[in-house]
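Position one of the sequence shown corresponds to residue 915 (our numbering), numbered consecutively onward.
No lab work stands behind these hints: they were computed from the structure.
A hint or two may mislead.
Claimed, not checked - No more than 16 Å apart at the CA atoms, straight line, and that leaves these computed lysine to aspartate or glutamate pairs for EDC-like:
{"hint": "1", "residue 1": "1226", "residue 2": "1289"}
{"hint": "2", "residue 1": "1231", "residue 2": "1152"}
{"hint": "3", "residue 1": "1208", "residue 2": "1222"}
{"hint": "4", "residue 1": "1237", "residue 2": "1197"}
{"hint": "5", "residue 1": "1045", "residue 2": "1068"}
{"hint": "6", "residue 1": "1237", "residue 2": "1222"}
Claimed, not checked - Distance ranges between label pairs, derived from CB positions:
{"hint": "7", "residue 1": "1484", "residue 2": "1424", "range": "50 to 60 Å"}
{"hint": "8", "residue 1": "1058", "residue 2": "1193", "range": "51 to 61 Å"}
{"hint": "9", "residue 1": "964", "residue 2": "1054", "range": "35 to 45 Å"}
{"hint": "10", "residue 1": "925", "residue 2": "1421", "range": "43 to 53 Å"}
C-beta: ideal position from N, C-alpha, C; glycine also.
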Amino acid sequence: MKDMASIKKERVRKTILAAISSSDLHMKLELVDTLERTGVAYHFGKEIQELVCGMQGDEQGFGDDLHITASRFYLLRKHGYHVSPDVFLKFKDDRGNFASNDVNSLLALYNAAYLRTRGEEVLDDAIIFTKSRLQCMLEHLEPWLAEEVRCTLETPSFRRVERVETRRYIPAYEKKSTRDEDILEFAKFDSNILQTLYCEELKAITIWWKDFKSQMDIKFARDRMVELHFWILGVVYEPQYSYSRVMLTKLLIFVSLFDDFYDNYSTTEESNIFTAAMERWGEQAAENLPENLKALYINILNTTNDIEEELKHQKNKNAELVKDLVIHVAKCYHAEVKWRDEHYVPTSVEEHLQISVRSSACMQIISFVFISLGDVTTREVLEWALTYPKIIRSVCIVGRIGNDMVSHEGVNGALLLILKVGKQYLWMPLLLALAPAGARLLSRSYTTATLAKSLGRGIPNATAITTTSNSTNNGHVEREQISQHVTSTVQTCTKEHGITVAKANEKLKVIIEEAWMDIVCECLHKKQPMVFLEKATDLARTMDFMYKREDAFTLPSSLKETLTSLYVNYI
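Use the sequences and the hints to build the structure in full.
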């Protein structure tokens, strides 16, 4: 298969080189779009850059063809070239509407408009207009085109996770009469080769993870190894980063463990002593930990040290920063515990985000990714990342608010736990997310007894009396709904403005959109090399995917089809 892929690759390269010398802008646009959506563009980075750079000064793009103008605008901005949105003014009629009923032109305009920055009103208007027109056209379109429109309205092209889009688009491209057979066959070969590599990585991580779990009791934590590998796959998918994905998946497992430990399991005292041990960093620091935490600490310590040694063996000059970032993640989650214990309630969403973007762990994940890229990453780049620059803060906001919104919206039932505290009774209402067809359980859930024990921790003389529920899940509840959390951005927004949750969500969506505008703006300003800006944007794309409809990390059943297509079913 690799030999056939190499033959097809060179044929595709010849097609690209021929296009570079061509004056046919429409053909160039279609070619680059196809290469990117079929997932093979990473093989031809220099050639595609030359193609796109040539489009920058191509005045034909300012002609009277809306589809070409929008496609050119989209590709140039996506690759970090500034293009004025005024190129679209000529397509507006006297009423301010865009004079087009062509569905492909409207799709191109809709996608282009989402590469907007703040204050670009013509692009804001384009989104409102094209969304309305495309929704009206849906029922009159051919099934395949209607599906493309629905997909675009849900997630514009710029925000899609590349490997997910590739797996979706290749079968769609195969049905096109204008398809290029060499690109199609190469895309299939490449997808299957990568899938084989990803499965080999999962096998190695599974062996490590089973050994890790066998040494301690971590039933309090979500077991999401595959989902975390997918999360990283959305950011670094190229074959040369195979070790990076293995390393990053392990580190993200630690991030998830910290999240569950600090947010759902530990008492305040356990949180304090575990964080103190993390800051001391060494086996001697484990001496004061209780047995249930000692094994967890030692295994995190050993795995992190092993990663550092492997990176040093690879001549990675930033290897020692991995440990510092792991410690930093723990400290950020611990800060949220103190916030919760102090009953701190932010007065505004902006005040909330000043603190909560740090506990999203996005900055640390991006920094881990930068380290994994090797020699291209300088110490200056990592120091820049640690300051939470605008693009990284914006990625944090996309993840933080997106997570809060779906966690708040996923409530359809209720669970009531009664704790006897001394001579008093404490009634604790809990949230239970139910799927439309019934209870939506995780791969590992809590029994009533486990739940009671977990919730009674830290409350003197607390004893569980009973639970009642209007659900049909036989006393099991989902992890994400059972804990006393800090105030979310949704709750903060409702209190700040005195509005309903629905209206708060609308305001929060505006903040997310502004964060995306800032991401685009930073990519256009290019204060850092594009490779780092693109990886940060890729994490935002993955966050958007994971929290699009619900918390797909906590409720992984919604990821089944996606994971099956990426890891199980070959094209």
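Comparing the hints with the structure gives:
1. A C-alpha spacing of about 12 Å is found between residue 1226 and residue 1289, which places the hinted pair at or below 16 Å, so the restraint holds.
2. For the suggested pair residue 1231 and residue 1152, the alpha carbons sit about 21 Å apart, so the restraint of at most 16 Å is broken.
3. At most 16 Å may separate the alpha-carbon atoms for a hinted pair to count; residue 1208 and residue 1222 exceed this at roughly 21 Å.
4. About 14 Å separates the Cα atoms of residue 1237 and residue 1197, which keeps this hinted pair within 16 Å; it holds.
5. At roughly 10 Å between alpha-carbon atoms, residue 1045 and residue 1068 fall within 16 Å of each other, so this suggested pair holds.
6. The straight-line distance between the Cα atoms of residue 1237 and residue 1222 is roughly 8 Å, inside the 16 Å bound, and the hint therefore holds.
7. The hinted window of 50 to 60 Å between residue 1484 and residue 1424 is violated, with their beta carbons roughly 42 Å apart.
8. Between residue 1058 and residue 1193 the C-beta distance comes to about 56 Å, which sits within the given range of 51 to 61 Å.
9. At about 40 Å, the CB distance of residue 964 to residue 1054 agrees with the hint of 35 to 45 Å.
10. The beta-carbon spacing between residue 925 and residue 1421, approximately 52 Å, falls within the hinted interval of 43 to 53 Å.
In the structure shown, a violation is registered for the earlier hints numbered 2, 3 and 7, in ascending order.
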